[in-house]
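Participant: Chain by chain, the residues:
There are 4 protein chains.
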Amino acid sequence: MDTMLAARLHRTGQPMKLERVPVPKPRPTDVLVAVKACGVVPNLMNVLTHWQSWFPELPLPKLPANFGLDVAGDIVEVGELVQNFRKGDRVYVNPGLTCGSCPACRADDTMNCTNYTFRGYFGFGPDSQKQFDAYPFAGMCEYSTAPQHNLVTIPDNVTYEQAARYGYIGTAYAALRKANAGAGSTIFINGLTGTLGLGATLCAIGRGVTKILGTARDRARIERVKAMAPGRIEVLAQDEGKNVAEWARAFTGGHGVDATIDCLAPGTSGKFLMDAIYALRRGGKAINIGGVGEKTVMDVHWMMDNQIEFIGSNWFTTADGQAMSAMAAAGLLDLSVFEHVRVPLAEVNRALDGSLFRNGGFTNVVVVP
Amino acid sequence: MDTMLAARLHRTGQPMKLERVPVPKPRPTDVLVAVKACGVVPNLMNVLTHWQSWFPELPLPKLPANFGLDVAGDIVEVGELVQNFRKGDRVYVNPGLTCGSCPACRADDTMNCTNYTFRGYFGFGPDSQKQFDAYPFAGMCEYSTAPQHNLVTIPDNVTYEQAARYGYIGTAYAALRKANAGAGSTIFINGLTGTLGLGATLCAIGRGVTKILGTARDRARIERVKAMAPGRIEVLAQDEGKNVAEWARAFTGGHGVDATIDCLAPGTSGKFLMDAIYALRRGGKAINIGGVGEKTVMDVHWMMDNQIEFIGSNWFTTADGQAMSAMAAAGLLDLSVFEHVRVPLAEVNRALDGSLFRNGGFTNVVVVP
Amino acid sequence: MDTMLAARLHRTGQPMKLERVPVPKPRPTDVLVAVKACGVVPNLMNVLTHWQSWFPELPLPKLPANFGLDVAGDIVEVGELVQNFRKGDRVYVNPGLTCGSCPACRADDTMNCTNYTFRGYFGFGPDSQKQFDAYPFAGMCEYSTAPQHNLVTIPDNVTYEQAARYGYIGTAYAALRKANAGAGSTIFINGLTGTLGLGATLCAIGRGVTKILGTARDRARIERVKAMAPGRIEVLAQDEGKNVAEWARAFTGGHGVDATIDCLAPGTSGKFLMDAIYALRRGGKAINIGGVGEKTVMDVHWMMDNQIEFIGSNWFTTADGQAMSAMAAAGLLDLSVFEHVRVPLAEVNRALDGSLFRNGGFTNVVVVP
Amino acid sequence: MDTMLAARLHRTGQPMKLERVPVPKPRPTDVLVAVKACGVVPNLMNVLTHWQSWFPELPLPKLPANFGLDVAGDIVEVGELVQNFRKGDRVYVNPGLTCGSCPACRADDTMNCTNYTFRGYFGFGPDSQKQFDAYPFAGMCEYSTAPQHNLVTIPDNVTYEQAARYGYIGTAYAALRKANAGAGSTIFINGLTGTLGLGATLCAIGRGVTKILGTARDRARIERVKAMAPGRIEVLAQDEGKNVAEWARAFTGGHGVDATIDCLAPGTSGKFLMDAIYALRRGGKAINIGGVGEKTVMDVHWMMDNQIEFIGSNWFTTADGQAMSAMAAAGLLDLSVFEHVRVPLAEVNRALDGSLFRNGGFTNVVVVP
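Residue numbers (this note's numbering), protein chains in the order written: chain A, 25 to 393; chain B, 25 to 393; chain C, 25 to 393; chain D, 25 to 393.
Accuracy of the hints is not assured; some may be wrong.
Identical copies go unnamed one by one, so any copy, or any two together, can satisfy a pair.
EDC-like mimics (lysine to aspartate or glutamate), calculated; alpha carbons at most 20 angstroms apart, straight line [stated by the list, open to error]:
no.: 1; residue 1: LYS250; residue 2: GLU371
no.: 2; residue 1: LYS154; residue 2: GLU101
no.: 3; residue 1: LYS319; residue 2: ASP329
no.: 4; residue 1: LYS295; residue 2: GLU166
no.: 5; residue 1: LYS202; residue 2: ASP133
no.: 6; residue 1: LYS154; residue 2: GLU104
no.: 7; residue 1: LYS202; residue 2: ASP377
no.: 8; residue 1: LYS86; residue 2: ASP180
no.: 9; residue 1: LYS202; residue 2: ASP132
no.: 10; residue 1: LYS86; residue 2: ASP151
no.: 11; residue 1: LYS49; residue 2: GLU104
Bear in mind the hints are in silico, worked out from the structure with no lab data behind them. What you are looking at is a predicted structure, and each value in this text was computed from that prediction instead of being measured.
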């Protein structure tokens, strides 16, 4: 176990190369994980090709670099200060790296680290390269180190492939948490059957959200989602041409919904985001976790008049992940709906082919070492 | 509809008398409700006989007085300023009356009104009599007025008898809310199959609580409760003689439970309350909604060392009740488990017979006009 | 005291007429207040002339109508159910009327009432006219009724004129509360010396906000504000042409400010609002209480990447008002900075002359019966 | 800088020995601090002599061990992963060590780490020895390593001696934070002029608490404290023999105080703790940070009837410490009141002499290398 296979991108636009490299050593507060499955999200292709032109303030790791956001695997080594994990523990690695010493990190508000960085994906801060340097291997490889803070235990009834899907499910989970969505809530999900939207729906069911509304395109998928919680889910097909806010408000006695969760795909017009906000009740919350990239015209006076909170939300905490594991263990989060597409590490470049996602959010592409 | 039948207690220790009295008129912000079912809780007999000696600071209404805590019925008249209710609406009336002008009331913290008062039961403040005077008829009668603030709508799939059970279910719901109990939580319920404890269990299931632990006495009821959410509920029979804290901690990898909900019956020793607190994790919350009346020896230094919050919680808000209705409408709060014992208003004194509660928390005694 | 003088607007664009009308009677949960001072805000002229074209969804009362938002006076009569107020009590009347029966009102979330309505100003809901009808007299008159819920007691060291300024101070106070601004916070105020901005500054000082940054135009007023809390306040004059975000970030070690409070005047470009948002730290909050009316282009992806919350905030609660009174009583909220312009009720139309506000936020125009 | 002087206790009851030992090396996420002042609290003598008999569940480090809780000093070396600190930075080291991998640590709830441990003092968990082993040198030495997470920057206007007092001030600060004490609050402090109580008073002033009530013994110190914020502080001398709850309630119109902060010394009867709780308003919070060690009889039914929260609170977060530094920098936290007693490291055993604390909470004993 001195060396391992790892895929690395040497140049934007070219395929990743498979290389044999030394297995990294865990630092005192790290573990070493043998990767069993690495999730691939539809946005990865955007990150690898367009990111620096779309969002120059969100840096990629210096090339050559290893990619791969969502890792599930087994712990094979623990650092000397790690007390609560053992060799053999099955874990999901939350890829959100934090610097550990900025005011937010020291305030236990790690999600708001000035240099928050997605291992194997991209960073949010000017010094994210330091995080990339500290954890140069992510998911498209055989072994990677991870900070103990980022480990989520996986229950027995969750497979590595399912756990490799935690990323977008967790992003949706965090949004629901910020919306305080649960017993008695009515929420609206923009893009209900997509990768993020399906995660939002599954988590909303598990959290006991009473009424789940949303929009989607594909009618077959709409029916499939509605069957997950009969009577609690209502979906407006986008081609019905109805006014979204009016449609949603009708389910709430006209008062409006408690929260909107925006799960729109990259490239979508911001118009749909604002359309959904008009469905909110006075005091409602709009959580944006979707891919709308364009600068968007917002009705700020209406939002003030109606005490709307527009909350940008990014990824999820380790605690969110642990709650998802507990829900899955208890049978409250149904991860059996996913259709896994397994791509061997040796064929890693094939995993970036967007056409693999042929069944919307139900498709789960994983790279398997 | 000028007069109605109402039961009134004229003297402690004597039976209530059935009398014909004028139907009260709703004030501008009130409604008039035709009572369809009035819940009777085991504690009512204590209130009517021992309350002033047990808790002299909790005043009863001046006699003669009408009693009856949990009312479900139909709105038959609305005050001139009531905008969102109509004749014919099916409602539960939250009996918690508030003064409306103390600092807490004006701060929208109505549960902490200085003179919070249970209509038809007892008060918490020195001036509670003013609330009793303002709403002299409660549940053991044909009609009663209620502030619009206190109305909870009942969904179609909830009967009046079921809604008349909202009181103790809601008390448990509020405790779970304060414990932030939901996805990922492990809670412990002291007295799991009693009137309060069963409410806590039903609400915990609906809120997506992952693991529900507790103690109870009757083994048949224990099995019945466990069958409600297989795999999520574990119960320790009180006669097993085990250390409660150790037993509960074993389900949490030794860390301790997130919250304890104390639902012990009046007359129980406070020792059991403190025993359960030792099951909490560092930072855990103990919510006391039970009937322990004796002054109780508490390990305050251990509670400080472990950052324990001991929260006295009293009844529930109208919003809690509305969330329960939404849960019931969505099929997440199962009210079908109750065995109703209907006592006609004409035989109201029979409803106070404690032996009617022969099936613990599953029994639901209601007075029906 | 059967009749009183009241100013009423009969037609938009015409002066208000002074009329003799019957003194209104308080309902059981109301009080009657003898008006001693009624605040006039710069926006009132906009409301009276442009509101229905600017914001058709924010209804004015049907004409003829009495106007006047911020009332300070003496209680002269109490309704039969009012327990905590007496004749002679000095009070400020929070003009925010609520319906009392919508889901938000029954959930004690009165600020989010579906038909929230400013007495004597304008409404936010489709049925606001019902609130106007229930409380037809506001501030530009001698007496008006008010719900007990809306009363804020005034301490001895606060004058009626000062209390008549609570409206915009309270709006700012609520924004600071939502920003959790206090010990250790760095906040940024857009429009620091205006009517709202000065309120935000005074409240921030009283709440112990450590560092107060902002922009303003008038250099004399800037110096005056800075002298209020030497060393804690830094102001960028708008004509300095600096990048606002860079300027503000420099005071925070580059991390960004905790919150922005937007207090811009009606008619200002939304560009300034977004400029300030870029000054926020990851996880920062932007509270908008200002007058930006135009639809505004927002960088929603940047806001998501940085976990920004954009919070529309509207007015303030009675509890906020009571906290302000406590601060003033303790010497922590300095209301001595205002320069009062007293206009007799008989000359009420003169109070609408915008030129009275010759000293920005320091000017306080009140109508005095 | 290869070796240093360090005081170590080899046997309970014997003096500490001064020894020359190797300077520890910082791990990748640590820094090395040159100690400039180490605070000594009155409780240290209890910890060194009685702790294991008083609280056997709170382990001391294995002997020989270095002690000293509150360290202020200069960073002289940073670990390879430390991004936001530099050599020469002046810091206070929060001594609360956390394991980093238990559920609470991974949930960013580090204060509730299962094995929370005070470096140089004692631990709270069964595995605290692992923390002691990882950071064997604390404050009574020349250099010690510290996790980056625990560093609080010290502003220029705060001396090392003042910063070495952060421990108990911070404990009080955290209690006030949990009580949400600020503008508009009335709080009651049990033991107002003691080491903890004085910290609570100073922080309450800085946070803008409107009214500060409390009890104390020494009349000269009472007057000194009252002069810190004239008109906002009222103190009951314990020998006045008044009913504490009645006395405190009289300042609140009879409603009761918002929070009590219990700062009683070790050995005090729990009776005083419960006496103060009766001063709370319905919904009030009692925060216990004091030394009451005996099991205490509590009126749990009254606490439930009045919705009292009894919160055990332990120490404070790094964020609390950073807020205190910001307050001090802004002139809102007055640290000039302390009378420092400097004891050279070479005479360290003299620092344990309780008689040094001759001026109550005003005395600040520090060991200076």
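Participant: Against each hint, give a clear statement of whether it holds in the structure.
Facilitator: Here's how the hints hold up against the structure:
1. LYS250 to GLU371: neither (36 angstroms within a copy, 48 angstroms between copies)
2. LYS154 to GLU101: between (23 angstroms within a copy, 18 angstroms between copies)
3. LYS319 to ASP329: Result: close only across copies, 13 angstroms inter versus 22 angstroms intra.
4. LYS295 to GLU166: neither (43 angstroms within a copy, 49 angstroms between copies)
5. LYS202 to ASP133: both (14 angstroms within a copy, 17 angstroms between copies)
6. LYS154 to GLU104: between (23 angstroms within a copy, 10 angstroms between copies)
7. LYS202 to ASP377: neither (33 angstroms within a copy, 45 angstroms between copies)
8. LYS86 to ASP180: neither (37 angstroms within a copy, 39 angstroms between copies)
9. LYS202 to ASP132: both (17 angstroms within a copy, 16 angstroms between copies)
10. LYS86 to ASP151: Answer is within; shortest intra-copy Cα gap is 12 angstroms, inter-copy 41 angstroms.
11. LYS49 to GLU104: both (12 angstroms within a copy, 15 angstroms between copies)
When held up to the earlier numbered hints, the structure conflicts with 1, 4, 7 and 8 and fits the remainder.
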